[in-house]
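Peer 1: In case you want the letters, here they are:
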Amino acid sequence: MFRKVLIANRGEIACRISRALRDAGIGSVAVYSEADRDGLHVRLSDEAYLIGPAASSQSYLSIPAILEAANKSGAEAIHPGYGFLAENAGFAVACRENGLTFIGPPPSAVALMGDKARARAVALNAGVPVVPGSLPLDSLDDAEREADRIGYPLLVKATAGGGGKGMRRVARREDLSSAFEQARSEAQSSFGDPSVYLEKYVERPRHIEIQVLGDDRGSVVHLFERECSIQRRHQKLIEEAPSPFLDDALRARMGEAAVSLARASGYQNAGTVEFLVDSERNFYFLEMNARLQVEHPVTELVTGVDLVLLQLAIASGEALPFSQAEISRRGWAMELRITAEDPFQNFMPTAGTLAVYRPPEGPGIRHDAGVFQGQRVTPHYDPLIAKLIVSGEDRSQCISRARRAIREYRVLGISTTLPFFERMLSDERFVSGEIDVGFVDRHWMREMASRPAEFPELFPAALAAAAAALEEQERLSDSNGESGSLSPWKLAGVREVMRGRS
Amino acid sequence: MRREKKLGSLPDGKVHPIRVERLEDGYRIETGPPGGRSTVVRGPEARVWSVVTEEGGSLEALVERGESEIEVAIGTARFRFTTGAATANVARRASAPGRIEVKSPMPGKVVKVLVSPGESVSAGQPVLLFEAMKMQNELRSPQDGVIAEIAVEAGQAIEARERLYVLGPIQ
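For the protein sequence lines, the chains are D and V, in the order given.
Once you know that position 158 of the first sequence is 158 in the working numbering, the rest is easy, because the numbers rise by one and skip nothing.
Once you know that position 115 of the second sequence is 1115 in the working numbering, the rest is easy, because the numbers rise by one and skip nothing.
Hints listed in this document are in silico derivations from the structure and should not be mistaken for laboratory results.
Treat the hints loosely; a few may be bogus.
Below, computed lysine-lysine pairings styled on BS3-like, alpha-carbon distance capped at 30 Å [said to hold, decoys possible]:
1. D/K236 with V/K1109
2. D/K165 with V/K1109
3. V/K1112 with D/K165
4. D/K236 with V/K1112
5. D/K236 with V/K1014
Given only the sequences and the hints, what does the whole structure look like? Please build it.
Peer 2: Structure representation (structure tokens):
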């Protein structure tokens, strides 16, 4: 096992990794930018190195600065966390060239999963279902033939596309020719390449992902699923395990598919295979994340394993300590991402000082934070400030505990996603488990958040509290002002007079 | 000793006259409707107050005093108030009922103005496209109204709490 590990990250995930290192008796090295001098991750690590200015391009993304810190500290390995350099194959190679172990998959697997077309091809070869689609098509005749094979509704997508440009949804055969021509001309004008292909349109899909672990002896296992359908703009807000939608048969099939894909790509260490699941229980490979996920604690709570400790063990050359048959799960877990965003303003990021910050406690609560009371939340980095992870015997107890925890949670100084969770966890549709990736858009954006938060019953109390605090401050500054205006000589004179009186 | 003061509530700009009386461990507060009488007692730590209403219910309120604004949190509900000169300004500009000033929530850049003066907007309708933290966001109207004035233009860099636009009442 390693003696010292550098954490190339910040915020809650750097704190999480630092704690795992201390659990394992391994020395921890933090790195920080000028904006993070008093970051919580710096305080929780044994030593810390400044790696550059606030801009992440010059600090947390600077490979030379991080390698230099590793060299100075004498660390033997680097844990990249998620984001920043976690899925940068060049960084994984640079670590190796500098005699450092990159705690993650081999660079070849990182590069493979970063190339979506190659990843899709590997999945197909491994017998893992992908969203049915065609190769690039040049003629309408070819498109019609392929469309009949794939089935409607489908999407016409630009090969060079992105951001929805050159993309058309086609519900019926008679609409294909116009959509095909429009998509081609849009693709030509947007990307200089008219090439398009067809893909099946998956209606109201769920996002369900499988956690996998592989060691360097070719052993690969999965640790069941996480349901992450509560998301907006592909950013997850609530993740839970197990999924309220899967039965044991489908769970086993998806787990096997994820393991085959990991085997086929030479994957090692922790990774996540993401799938779309339609209402008919068909599942399709979406992509593989070659790193530790934000939502990994949900899996830890239902399986009882510590994924970060296992990452360290695997990277140091140890074998997986269990076989697939030895992994079991129990109960329910749910993660709520507390971010510095205003859910009533379309999740606009907010910045400010955490004047009050008091997370909840009690049965079933795990709280992974990257901030503390009094800290400034700056606009430089990801708005995730903490993860509230709740566990219970079943989904219903888990939701009750999460609601209780939100009532206890105290934040003053910035807007957070807490009011979103408060309403979401009381929403019958969410509680029933009838969720899909469009849930937040349909129900939150269009109805629940269409009007700003109003709490008329609490307004009088808020007004009274504001008035009391204002009065208190004015009174204190008045009395300071009076004594401050008197010179020490005058004060001495006053005392003399008083003494004479008594 | 009783003192009078005024607080403005945001974003509606309403002015609330308040009477404050000092107690040993806090203040007795009297406000006009929809308020009433309550006792506000200092909590166990800074910024924490306990509000006891006339009916006897007790609520924990967290209060932070900014430069011209006071922020109050009760549970997940958040309230903002203006004090002193800021209240007078809000009151003057908000003299027509329902007229409110919308300010930027944080520093950033205006990407696009989606409405024009005189246009009617409904609550939740996007008014500006705003870029902050490298992300584009729609700034939505806090209530139904008519755009009275737009104080910014596309491409303009803005500070936190800078005036973005003024929303007037529906005619």
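Peer 1: Work down the list of hints and note, for each, if the structure agrees.
Peer 2: Okay, the hints, checked on the actual structure:
no., hint, verdict
1, D/K236 with V/K1109, "holds (26 Å)"
2, D/K165 with V/K1109, "holds (24 Å)"
3, V/K1112 with D/K165, "holds (20 Å)"
4, D/K236 with V/K1112, "holds (27 Å)"
5, D/K236 with V/K1014, "violated (38 Å)"
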